[in-house]
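A.B. asks: Chains X, H and S, in that order, are what the protein sequence lines are. Under my numbering, the first residue of the first sequence carries the number 1, and numbering increases by one thereafter. Under my numbering, the first residue of the second sequence carries the number 1, and numbering increases by one thereafter. Under my numbering, the first residue of the third sequence carries the number 1, and numbering increases by one thereafter.
These are computed hints drawn from the structure, not numbers from a lab. Even glycine gets a Cβ: it sits at the ideal position worked out from N, Cα and C. Keep in mind that a hint or two might mislead.
As the list claims (entries may be wrong) - Straight-line distance between alpha carbons at most 27 Å, and here's what the computed DSS-like set of lysine-lysine pairs gives:
1. 303(S) <-> 174(X)
2. 174(X) <-> 38(S)
3. 120(X) <-> 45(S)
To be verified - Under 8 Å between C-beta atoms, here's a sample of chain H residues computed to sit facing chain S:
4. 825
5. 857
6. 875
7. 879
8. 881
9. 883
10. 894
11. 913
12. 917
13. 918
14. 921
15. 988
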Amino acid sequence: MKTYGIIAKFDDPSALVHAAEQIKDAGFKNFDCHSPFPVHGLDDAMGLKRSKLGYVIGVCGLIGALFGFGLQTWVHLSEYPMNISGKPFFAYPAYFIITFELMVLFSAFGAVFGMMYFNKIPRLHHPLFYSEKFSSVTSDAFYVSIESSDPKYDEKEVEDFLKKIGGKDIEILKDEYEE
Amino acid sequence: MSQIKNKNQGFVKTNHNGEEKVNSHQFGYWKGLKDISSTDDYDKYLKQSEHHEDSNVSRRNFLSLVAASVALAGLEGCKKPVQKIIPYVDAEIGTIPGIPKYYASTMPFQNNAIGVLIENHDERPVKVEGNEKHPTSLGKSNTFSQATVLDMYDPDRARGLKLDGKKVAWSDYVKYAKSIYDSNGEGLAVLLQESSSPTLNVLRDNFAKTYPNADWVVYDPINNENLYLGIKKAFGKKMQPYNRLENAQTILSIGSDFLGCDDNNIYHTKKFAQNRKLENENSTMNRLYVVESSMTLTGANADHRLNVSVGEFNSVLKELCSELKKLGLKTDARSVKTSNNLWIKTVAEELIKNKGNCIILGGNHLSAEAHAVIAMLNNQLVAPIDYYPLTKSHVTSSKDLGVLCKKMEKGAVKNLIILGGNPVYNTSADLEFATLMKNVENIVHLSNIYDETSKHSNWHIAESHFFETWGDAMTYDGYPSVIQPQIRPLFQSKSVIEILIPLVYGKEKRSYDFIKDIWKRKIAKQSNFENTWNKILHNGIYNKALLKAQGVRSRNVSLLSLTDQKTKENQFEVVFVASSSMYDGRYANNGWLQELPKPITHLTWDNAALISMSVAKQLNVKNGQMLEITLNKKTVKIPAWIVPGQNKKTITLELGYGRDFNGRVGHGVGFNMYPLRTTKSMRYGSGATVKVLKEKYPLAGTQDHYGLESDDLALSKSLSADETQNRIPELVRQATLDEYKDHPDFVKHAVEKHLPDKGRELKDYSMYNPEPEYDYSKGHQWGMSIDLTSCTGCNACSIACQSENNIPVVGKQQVLNGREMHWIRIDNYFSGDPDNPEVSTQSVACVHCELAPCETVCPVAATTHSTDGVNQMAYNRCVGTRYCANNCPYKVRKFNFYNFTKDTPEVVQMAMNPDVSMRSRGVMEKCTYCYQRVSEARIKASNERRELVDGDIKTACQQSCPAGAIVFGDINDSQSEVSKAKRRNRDYALLGQLGTSPRTTYLAKIRNQNPKLITNHARALH
Amino acid sequence: MSEAVIKSRAQKNSEELLLGDQTFTTITNDISGIPEQKKAPIQWKLAFALALSLVSVFVGALGYLIWEGVGIWGVNAPIGWGWAIINFVWWVGIGHAGTLISAILHLFRQNWRNSINRFAETMTLFAVICALIFPGIHIGRIWLAYWFFPVPNQMAMWPNFRSPLIWDFFAVFTYFTVSLLFWYTGLIPDLATLRDRAKTKLRKKIYGFFALGWRGGNRQWQHYELAYLVLAGIATPLVLSVHSVVSSDFAVSIIPGWHTTIFPPYFVAGAIYSGFGMVMTLVIAARSIYNLKHIFTISHLDKMAQIMLLTGSIVGYSYVMEFFIAWYSGNPYESYAFINRALGPYWWAYWTMISCNVILPQFFWFKRFRTHVPFLFIASILVNIGMWFERFVIVVISLHRDYMPSAWAMYSPTIWDIAIYLGTFGIFFTGFLLFLRFLPMVSMTEIKLVLPESNPQHGDH
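Looking at chain X on its own, in the form it has when it is part of the complex:
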């Protein structure tokens, strides 16, 4: 049956960063480095492009602001104009606060759900979870994973390569779990 890919453990953040550089230089694409916390410099080491999340958030914020100001203007000018304290219908200074709040609200949603979208979560099942040892990656372990979908992927070569750059307890993970 099909394999998901191969994982290897590294000692500490610096080791992980070195490994990442070498894997990148070796021309691998579909690989990832797992750590309990974001490790500085990994993005460059892995040669990742800047995240697009920023634009998403910006757009959401803009929509929120427009919606906020639009709603208030529409309500007070066209939907149900009322003489309140003899203030003008279009009392824009009063509208700014809600406009701002909705901008913040929308961009916050943008940030969180955008992040989830880019990270393809929630995804409760993942082949990586089949490895017992890998579970320590969320507390104190540092792992590299190379997926079988990578064009340069060849099980033996990759295994040797990982050993060469200092990977430990190397594991080959199947796509489905079997007892």
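Dock chains H and S against chain X, hints included.
C.D. replies: Just chains H and S now, kept in the frame of chain X:
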């Protein structure tokens, strides 16, 4: 039609309480229109109406019949009272549901007659207005006539007849009366209240004929007996003086509260205020001097007030005489040693100066002798007073009462008929009327509620409210006016006349026929009486006076009998006064009156011993401290209340409280002062001693700080007092007439003081530019003007508002929590000498700001502005954040903290105005400018295809205000009264510097002070 | 390199933000050990029981309130707002520390905040929940509270967007939502840790569900970090705006003592002040109960005390300025409002406020007070008493004597005001204790970043 259904089903709907169930069947109401019946029903009904009121038609039957008549409207309108009565406004036949009808009638009040107009909604009387055609009310009203609606619908009213506690039929009483009639009436006595009814007069004469040796006694605890006796001393016979205040430029009141609790106050207030309306700085006004011991409404309106204990009134009077003598009046002032008091001197000079249009009024605390002297002086000063004859049946005679009591003591009285009144409660304590009643075999008591006296009587008969019965009354100057029923008796009650007829004639007569007959033969002796009668019913009054003003010549009255009642050191004089709310106690079960903040004291739900601040300090007494007052070995306990302007020697006690009767509202409210009141101290008594008790009693005053009294809290001593003093000139702008002449624009000064930046308009501070798009220059724009110069602070507006707008009564506890609901608040500020302060009165309701602070802060837009510039509340939209109330600088918004109307008895619900929706819990409410009246007028005008004209709309407060201080109308109509008022140079906006541009503005208060007596200069100027 | 080296470095480089021999492993064990305890410590159980009983008090009081109406409270005319609004502002204020610590200090790269931010954020969440209760229940017709929302309806009834109460409503709800998202986002990797350490199936399932399948891959960290940064970025102006908007409930009115432009900054400062006070109280309690003295170190308390000194002094400055302006404006109503605060019948409230908010923080100039734990604990509680009185002074004293002396009155709370207030403490602590029991009270991910070896560049090259 459906409207009728909704309005009235409620009343017949039976509820849990059995008691209620009974009366719900007794209402003169139809049961919705469920059973619309055929024309023959209606014929039956017409026959019915030939029968007399007490016909044997079953009530239920009657209901459906009335229903029939309504259903077949156009045939003949709803015959609620069976006889024909003529609607005041439109005499056309038939009832249009939802359109109120106005019937003229008369409110008998002691020996006076107050002409009223009663607004009937769907044949249900709900509101009282003054009758413009009537000389005593002149279209105005007072607190009592406004509140009487609630008396009518009092759920605690007695029902039917009872003999020894068992229900009996009317016929049983008739039998009893017959039995007396058949006997020679030995040991018969009738005890009545004061009345001016011509019919009663006739009855009295016939009574005297039928029972030559029976007693006819008239007694009221509050009365003018001494006045009449004094006039007798002066002019040879008892007469009723009629003070034509409109012709008096100088008025001196010696203890007379003619603007407050004294009789004929509507007339007096109106005529007094009439001469206090200033067009501009060149207008003139009358001047009021008051000599009094306790701050009354009259004293509060005085231009100069002299604080003298009642015991010393006589010496003031004597000094006045001697001063006047110097100035050429014929008084025997031999005995007088003048302390030549500047005040009295000045008054005397002015009286002489204004000879012919000056008047001296004596209060009812004065002795007969003093009244005689005053009458004599008035006569020499050619005071504008008309004297009208009095008949014996009219007024209290304590002599007669004394005789009656003697007889009762001897057991000489077998049958005592007490018609109205409550002698057990309110006769002088030393008579011990209750014990005397034990010696009487049969006692019949007619009263609206089963009260103290009823408990000692074996017969009890429910008394009809004047809404329910035929009757008549007569004004002081002899204009007979008719009382016509608005509704069938709710509780099978009877009137005085109905009780007396079988007694006097030994047989029944329909009161209607009887009265009509008397009018025909004795009053309106006209060829075509029917038309005259209809006209009388229509107008409520007969236009020909029965009495003629008497010419008087005063004999010389000696001053020797005028002696002072000296009060010793650390003793006090106790003065008994009628309560401005309860009067003599008759209104004890009236929630509106109980909760109405009294003028000056602002007390609700209680009476108190009014003491001066210096006494309070001397005895170390705080408000609400219980006092034990002893006079002539009789003792009462009552809490103290400190009042500015109270005399050091005087303790003023309000009568009418501490009732012990079947009244759910008034039972046990306040403290009964009658036990202290003995025959020799009916009006006041000196030599009282006061013991300060430990316990304190919570008194619910609605205005805590007089601004003179400091709240005794650490660090804050007089902090509130001083600040209040600083603000008075700015809130209630005022000047003396002379200052006004010198500075016609003085009202402006106070504003500029607080403007942040001189030379800039308020609107320059608006963050909105350009200016808002609301154009108030078009259409009707409502506005109001309140003239502080003529406003006396009598409370009539406040209670009229309550009646018109269904304002709930919240009870003492809630008032203590500061949650009273009155839409109109009467503010009093005191300035100057605490013992004789200047009072500034100001009635404050929502001022309808054009830039209303309350509106912008409402999160749900429940309060907004109408196109005609009224600040409106959408009750149904309100969620009750109370932010609007917080942000209202005038603090005129009232919040329903609870569901205050939840347990309003069904009977009381009938008193509610159907044009105004009830407010539920959690909703904000406030003055609406009586918008329902605005709409009503607008609809009426459009139906008549015409424009609204000034005067079409009268707000409830405006209509009631006897001083005519309130003007309401269209400020866009340059000719309207309100525009004129607002153009006057005294016009100012309360807190105008806040830039709220209120629609209600005030006309500054002008005091016509005599330069010779001015104590504090340049009040409003700086 | 050897463990020894790391440890020695750990002590030096992490400027006492972590004490003892800490490694990734120890941190993970220490922190996730707490929610993994079989039995909760006895103090926790007692506290939880107390909290629950207070919640029941709240439920009872609320029921009676809804049945009878706000009349059961001490509010009257003219004091239309009483404890309800005071408590609302007070809780919102407390709710400020959380986002401030996580967001602003994050932007300033103050990594000492890493050990207290989770704590503070959680506190914020429950504080804001308590706050949000009050605007809902203080109104006259509670069942219509939803009319605050702009809900389209057939009557075309819309809120009045000019009303500060509506601004307030939007601000606080936005603040709550954003704080919730921020808190949860920060929690995801830690949830993953707990998932991976979970022994029982149920725990694994539940934590797994909320961990959303986090795998700690750098392709995830990349977006995650950006999202977190941006959240911090937008939460910063938000946290500053919220209390400014709350302050406009007063500042926009025309009541002397309310109508002042100084309110926004002064409210924000006050909020941070009280917020840190509350964090301080809770941290001190937690570190002693769960002996996390090596994670919540003296140096943390010291730093918090310094911030309290700063904000407390800003507040004190505002008090002075208020008086100065009241006098300088020459507006007699304004000046009286302030004299009445200091000397009027409620002088005691005013001086309690002054002593707790102005005098007390001055002790924090001295390190020995900043590091004296019992003193800090008492001080932190006094701070919030002081801040409560500040709101009392503003709400009640301003209302009870404004323009018309004829309408002046006094205010006193009823048993029901007190019951509701205590009840919200129940809600707050119930929530917070559950958090301590089932979630990592410190952000493991972030605190690991405090360790030097978390930085690839450290060590030998």
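A.B. asks: Hint by hint, note whether the structure agrees.
C.D. replies: Going through the hints against the structure:
Between residue 303(S) and residue 174(X), the direct Cα distance comes to roughly 50 Å. Violation of the 27 Å bound is thereby established for this hinted pair. Only pairs whose Cα atoms come within 27 Å are accepted, and residue 174(X) paired with residue 38(S) is rejected, the gap being roughly 35 Å. For the given pair, residue 120(X) sits about 40 Å from residue 45(S) by alpha-carbon distance, which is inconsistent with the 27 Å threshold. At a threshold of 8 Å, the smallest CB-CB gap from residue 825(H) to chain S is about 7 Å, leaving the interface hint in force.
At about 5 Å, the closest approach between the beta carbon of residue 857(H) and any beta carbon in chain S falls short of 8 Å, and the interface hint on this residue holds. Interface restraint check: residue 875(H) against chain S, minimum CB-CB distance 10 Å, threshold 8 Å, status violated. Residue-level restraint check for residue 879(H) holds (minimum Cβ-Cβ distance to chain S is 5 Å; threshold 8 Å). Because the closest C-beta pair between residue 881(H) and chain S is about 5 Å apart, less than 8 Å, the hint holds.
A hinted interface residue such as residue 883(H) counts as satisfied when its beta carbon comes closer than 8 Å to some beta carbon of chain S; here the least separation is about 6 Å, so the hint holds. Checking residue 894(H) against chain S by beta carbon gives a least distance of about 7 Å; that is within 8 Å, so the hint holds. Among the interface hints, the one on residue 913(H) is violated; its C-beta lies about 23 Å from the nearest C-beta in chain S, farther than the 8 Å criterion. For the restraint placing residue 917(H) at the interface with chain S, the shortest Cβ-Cβ distance is roughly 15 Å, beyond the 8 Å limit, so the hint is violated.
Hint status for residue 918(H) relative to chain S: violated, with the closest Cβ pair at about 15 Å, above 8 Å. Using the Cβ-Cβ criterion of 8 Å, the hint placing residue 921(H) at the interface with chain S is satisfied: the shortest such distance is roughly 5 Å. Look at residue 988(H): its Cβ only gets to about 15 Å from chain S, farther than 8 Å, so that hint breaks.
Comparing the model with each numbered hint stated earlier shows that hints 1, 2, 3, 6, 11, 12, 13 and 15 do not hold.
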